[in-house]
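Participant: Protein sequences, first through last, are from chains S and B.
The first sequence begins at 1 in this note's numbering and counts up one residue at a time.
The second sequence begins at 1 in this note's numbering and counts up one residue at a time.
Note that these hints are calculated values from the structure, not bench results.
From a predicted model like this one, the values you see are computed outputs, not experimental measurements.
Note that CB positions come from ideal geometry on N, CA and C, so glycine has one too.
A few of these clues could be false.
Stated by the list, open to error - Partner residues aside, some chain S positions facing chain B, computed with beta carbon under 8 Å:
hint	residue
1	69
2	95
3	129
4	162
5	216
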Amino acid sequence: MLATRASRGIWLGPHPFLGMIGVLGDPRPATSLHAPDGLLSVPVALAMWAVTAAVLTVAVRQTNRTLDDRAIPLMGVMAAFIFAAQLFNFQVFGGTSGHLLGGVLAAVLLGPWAGTLVMACVVAVQALLFQDGGLVVLGANVFNMGVVGTLGGYGLYRAVATMLGGESRRRIPAASIAAWTAVVLGALSMSLQLAASGTTELAIALPVMVGVHVFIGVGEALITAAAIGFIAATRADLFALRDAVTPEVGA
Amino acid sequence: MSVERPSPTGPSPTGPSRPRSGRAWWIAALAIAALVVVAAAALASTDPDGLERVGADLGFLESARDSLFTILPDYTVPGIDDPVLSTVVAGLTGVVIVFLVMVGLGRVLRRRHER
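Taking the hints into account, I'd like the entire structure generated from these sequences.
Facilitator: Structure representation (structure tokens):
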């Protein structure tokens, strides 16, 4: 058993073609895979670390200024749910799976900055504890799977919601569109980093990466819509937490 | 006779109206996360995900490097042979850890703010 595990390696997972055979009920553990070390060149990985570190610095400052007390358990719950949902790889088509990223979901509930912290926490724990995603490329992984959704996807969410007639009435369609777009943009971002690293050519990587994630994005949109619909049905008051700013004391 | 009136404190007694107790909702939400872990361990597709598939097809996954250390590699607990149980235990550990880390970070940020 251990030998089998070891031979599977940390990142490789099941063979892409053998994987087509068994889907549901397959006893092998779910393998969610984030970019391992080695896929990006060191300069590209460090540049992405710098970008992510800068975003996280702003996120900490903004959260520090605005975090509502009552949002703290929601942050924990969002991190727990997104972590769990990322384990659940859903079938897309012929031998390929995808999983939730969750950036738009986190940002819709917590705002872009606290949402960014949630995504960074999830992706960092996955890398440190579960060896899912490398440490050198952690900055890139947090950016592609988190920041793209929590900043870019959230901006799109607000714009679409306004266009459709107001956030409170059009939360689910706006979040679905933003969630789908964030996954495709994340794939685009990853393709650019792979190309900049010389790992593969952009003309080759871009169409396949985006092509696959166009479908994975549908799953992202569905799960995001379901989660927001569930919260709307059970605890709609939570939506107000995002914009509730804790009053300044001193400072 | 339905309980329409929201009570500001304490849980509302019955009915499908929204639960008033915050704590009960968090516990329920964590239970949902735990259920997702169990469902994932038993049912999730083991096919390669988007990036992994593209990497395999284009041949660049070969440049991936193994981690320098392993703790719960690949969402398994070393020593638990049953693959579903192994992933359930590893996944639940992760759910608890990210929840605690996030709540801890939230409290730190909140506390600094109060200063």
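Participant: Which hints from the list above does the structure break, by number from lowest to highest?
Facilitator: Per hint list: single violation, 4.
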